[in-house]
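Q: Given the coordinates of chain A, work out where chain B should sit on it, guided by the hints.
Protein sequences, first through last, are from chains A and B. Residues 1 to 274 in this note's numbering are what the first sequence spells out, letter by letter. Residues 275 to 515 in this note's numbering are what the second sequence spells out, letter by letter.
Don't read these hints as lab results, they were simulated from the structure. One should not assume that every hint holds.
[To be verified] Pairs of lysine-lysine residues, derived as DSBU-like cross-links and limited to a Cα-Cα distance of at most 35 Å, are as follows:
no., chain 1, residue 1, chain 2, residue 2
1, A, LYS49, B, LYS514
2, B, LYS467, B, LYS511
3, B, LYS511, A, LYS247
4, A, LYS5, B, LYS514
5, A, LYS245, B, LYS398
6, A, LYS247, B, LYS304
7, B, LYS304, A, LYS246
8, A, LYS246, B, LYS467
9, B, LYS467, A, LYS49
10, A, LYS47, A, LYS247
11, A, LYS144, A, LYS49
12, A, LYS148, A, LYS5
13, A, LYS245, B, LYS511
14, B, LYS398, A, LYS49
15, B, LYS511, A, LYS144
16, B, LYS511, A, LYS47
17, B, LYS511, A, LYS189
18, A, LYS49, B, LYS304
19, B, LYS467, A, LYS247
20, A, LYS189, A, LYS245
21, B, LYS398, A, LYS148
22, B, LYS398, A, LYS47
23, A, LYS247, B, LYS398
24, A, LYS246, B, LYS398
25, A, LYS148, B, LYS304
26, A, LYS245, B, LYS467
27, A, LYS5, B, LYS467
28, A, LYS148, B, LYS514
29, A, LYS245, B, LYS304
30, A, LYS245, B, LYS514
31, A, LYS189, B, LYS398
Read off the chains here:
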Amino acid sequence: MDILKILNSPAIYLICGSIVLFVAVVCVVFAVRAYRAGCAIGMDTAKMKRAIISSATFAVLPSVGILLGVIALSGSLGTPWPWLRLSVIGALHYETQVAEAAAEAAGISGLSASSMTPQAFTTIALLMSVCIMWGMVFAILTCKRYTKRLTAQSSSEPDAPAADAASDAADPAAAAPKKKSAFAGFGDKAMTAMFIGLVSTYIGSYIGELVSGEGILAFAGSALPLLVALVGAAAMGLFLWIREKKKAAWVDSFSIAGSMLIAMAAAVLFGRIL
Amino acid sequence: MSKVQNTVNTETVSGNDMDKQTFYSRYIEKTHTIGRITSIVTLAMLIGSPFAIGAVLHAMPDLGAFARALLGIGLVYLISCIAEYLIYVPMLGAGGSYLAFITGNLINMKIPCAVNARDIVGAKSGTPENEIISTLSIATSSLVTILVLAVGVVLLIPLQPFLQSPVLRPAFDNVVPALFGAMACKYYRGNLKIAVVPLLLMTVLFTLVPSLTGSTSFMIIPSGAVAIGLAYLFFRKEQKS
Chain A
1 MDILKILNSP AIYLICGSIV LFVAVVCVVF AVRAYRAGCA IGMDTAKMKR
51 AIISSATFAV LPSVGILLGV IALSGSLGTP WPWLRLSVIG ALHYETQVAE
101 AAAEAAGISG LSASSMTPQA FTTIALLMSV CIMWGMVFAI LTCKRYTKRL
151 TAQSSSEPDA PAADAASDAA DPAAAAPKKK SAFAGFGDKA MTAMFIGLVS
201 TYIGSYIGEL VSGEGILAFA GSALPLLVAL VGAAAMGLFL WIREKKKAAW
251 VDSFSIAGSM LIAMAAAVLF GRIL
Chain B
275 MSKVQNTVNT ETVSGNDMDK QTFYSRYIEK THTIGRITSI VTLAMLIGSP
325 FAIGAVLHAM PDLGAFARAL LGIGLVYLIS CIAEYLIYVP MLGAGGSYLA
375 FITGNLINMK IPCAVNARDI VGAKSGTPEN EIISTLSIAT SSLVTILVLA
425 VGVVLLIPLQ PFLQSPVLRP AFDNVVPALF GAMACKYYRG NLKIAVVPLL
475 LMTVLFTLVP SLTGSTSFMI IPSGAVAIGL AYLFFRKEQK S
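Pulled out of the complex, with its shape left as it was, chain B reads as follows:
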């Protein structure tokens, strides 16, 4: 009787397991569909909005000036966007990626926020847990930003003198260093062997070529590549031993 019961339990568990995997595969498929549709609609709205505003103001964009500026600065951002896309999609999964690229503010909020949430719950990269947690994290942080900005815009006039006071200015000028300092402590801890080389490399590069400061986001690529290379070397060494 107990053998029969065990067989039934095993089959039920396998059945549940299969159901969950099928459900998850469908969820991912639908996420891609919704992500694509919402991205296309958002893109159309964003590109359409200057023309809509132009119709209101009776002043359509100067396409010649637009093309000139696009050739200059647009290429820089194209390369930066390619790098960000290649780097961040593996961290964020499907749902998180669509949302993050729609809502922006990746480096200063979405990525650290998603990584922090992932660490808090102990989700591993590439797992369904990571996919769900990243999506929840980015959706939540985006909604908080939208809410804070909406409230801020409503309160903009009375708040402006306080927030723009020279006393508080250094605080808000240094949000990003404050963030990366905290994240450095968190990630260097226990990974010093990996962190030393990219940190030294970047310090030397930014010291000897100060103009690179204007291309900090591009420098993430060599720094990340070095860190990943070292992580792989240590990983193989650990496996062998």
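Just chain A, same shape as in the assembly:
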């Protein structure tokens, strides 16, 4: 029997689908609890709704990209397993690399349906599951302590956690005379800085790919990721301009997804030219 027919059998769909369903229920439980808690501590429901709408619109385009990852892997691993991996815990960046490495270790000549065996598949599936589980393991073991420590650190700041949304909603004046510490207000700046570091790493890698992708300082590598990033940045600049000049706050909900769509459309154009 064709291996892909076996890997696409209803039993495999049932195993994978039940896990996806469980995770979907977990997401609903967390969302409902968070919304109710937000209401209970006096958060503006309009703000929470904006966060939900912006997150939903934001997620559509990357989800289509992830779906393409499912399609790409479905040729060698069947459809249900990549569907599970990329719906739960997995990441588009990692899955193919790990699957390829596991295929080599399992003794088949790479990730292809022609050389796949049922045992190679289950070995690959186990390695994919174990390799990227550590975030969840650390969360189980240390998230409580870690977040408590972070809260304790930031509680010495004027933007202290429990004293903020909760107490300010009840008594804005109470927030005024808080004691300034050496780290006052730095927590938020640190997170912005961390994100700047993250973005800089990727933008730097695109420049490095162009300059040295085909040999150090050869300037013969692919320009496509950098060009796409530049178009994404320009599109975001345009959205920010519209938001500020036209006082259109609603643009925020679509600025990231819109910028990505424009940049991805540009990638199609660049792909034809380059």
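A: Leaving out everything else, chain B in the frame of chain A:
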């Protein structure tokens, strides 16, 4: 009379304030409990699924090959996961972290999505507002992904030729650059002094050592450390002035 009324109001406000803080503390405690339980169940299901599939296919995983591959590539991902965990938990809070590590796709979706939602509503890191918004954002984006993937899987056969058409391929190969370009504009703006050094540093490193491209996620650590160090220097300078 009005003095008495004011005292009553102040006491009511303080009482409400205390209630809210107590409620929030309980919410966080319960979030940890639910987060741990759901993570353990998800983990058991994920590790159990290859064996369940093995039982269906009558082909259990080859544990020797698994161990060999784990020693090679597994260590790389262990370090990457440690870095991601340390970096992202402060951004996401408790609920967001449990959900994000269960649902994955952190760098290409969950983190930018949560940061974007946080910025839109103006929530500050470490606040209850950030905790709630991050959780809502990650839960929503995860559900959208699950839905898109479920619909996509159902429609996979008729959609496959269109989505895999060579014309559209560059678009979907470049989702991440499209995302980081947009985010760069958003975060560099107003923070150029902080952004210049890590950007130059990473550009030089990736240019002189091209093989680092395979370890991009590790390079976030030095780049982030430099950016945070600079942010702290500027922050102290601002405070002094």
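Q: With reference to the structure, classify each hint as holding or not holding.
A: Verification of the supplied hints:
1. LYS49(A) <-> LYS514(B): Distance ~39 Å between LYS49(A) and LYS514(B) Cα, so the pair is violated.
2. LYS467(B) <-> LYS511(B): holds, 13 Å
3. LYS511(B) <-> LYS247(A): Holds. LYS511(B) to LYS247(A) sits at ~33 Å (cutoff 35 Å).
4. LYS5(A) <-> LYS514(B): violated, 68 Å
5. LYS245(A) <-> LYS398(B): holds, 25 Å
6. LYS247(A) <-> LYS304(B): violated, 40 Å
7. LYS304(B) <-> LYS246(A): violated, 43 Å
8. LYS246(A) <-> LYS467(B): This hinted pair holds, its Cα atoms lying about 28 Å apart.
9. LYS467(B) <-> LYS49(A): holds, 34 Å
10. LYS47(A) <-> LYS247(A): holds, 17 Å
11. LYS144(A) <-> LYS49(A): holds, 27 Å
12. LYS148(A) <-> LYS5(A): Answer violated: LYS148(A) to LYS5(A) is near 49 Å, above 35 Å.
13. LYS245(A) <-> LYS511(B): holds, 32 Å
14. LYS398(B) <-> LYS49(A): With Cα atoms ~17 Å apart, LYS398(B) and LYS49(A) stay inside 35 Å; holds.
15. LYS511(B) <-> LYS144(A): holds, 34 Å
16. LYS511(B) <-> LYS47(A): Within the cut-off at roughly 33 Å; holds.
17. LYS511(B) <-> LYS189(A): holds, 14 Å
18. LYS49(A) <-> LYS304(B): Status holds; Cα separation ~23 Å.
19. LYS467(B) <-> LYS247(A): With a Cα-Cα distance of about 27 Å, the restraint between LYS467(B) and LYS247(A) holds, given a limit of 35 Å.
20. LYS189(A) <-> LYS245(A): It holds: about 26 Å lies between the C-alpha atoms, which stays within 35 Å.
21. LYS398(B) <-> LYS148(A): Within the cut-off at roughly 17 Å; holds.
22. LYS398(B) <-> LYS47(A): holds, 13 Å
23. LYS247(A) <-> LYS398(B): holds, 23 Å
24. LYS246(A) <-> LYS398(B): holds, 26 Å
25. LYS148(A) <-> LYS304(B): Given that 35 Å is the threshold and the Cα spacing comes to 14 Å, the pair holds.
26. LYS245(A) <-> LYS467(B): Roughly 25 Å separates the two Cα atoms, so the pair holds.
27. LYS5(A) <-> LYS467(B): violated, 56 Å
28. LYS148(A) <-> LYS514(B): With Cα atoms ~30 Å apart, LYS148(A) and LYS514(B) stay inside 35 Å; holds.
29. LYS245(A) <-> LYS304(B): violated, 44 Å
30. LYS245(A) <-> LYS514(B): holds, 34 Å
31. LYS189(A) <-> LYS398(B): Holds. LYS189(A) to LYS398(B) sits at ~9 Å (cutoff 35 Å).
Checked against the numbered hints above, the structure breaks hints 1, 4, 6, 7, 12, 27, 29 and satisfies the rest.
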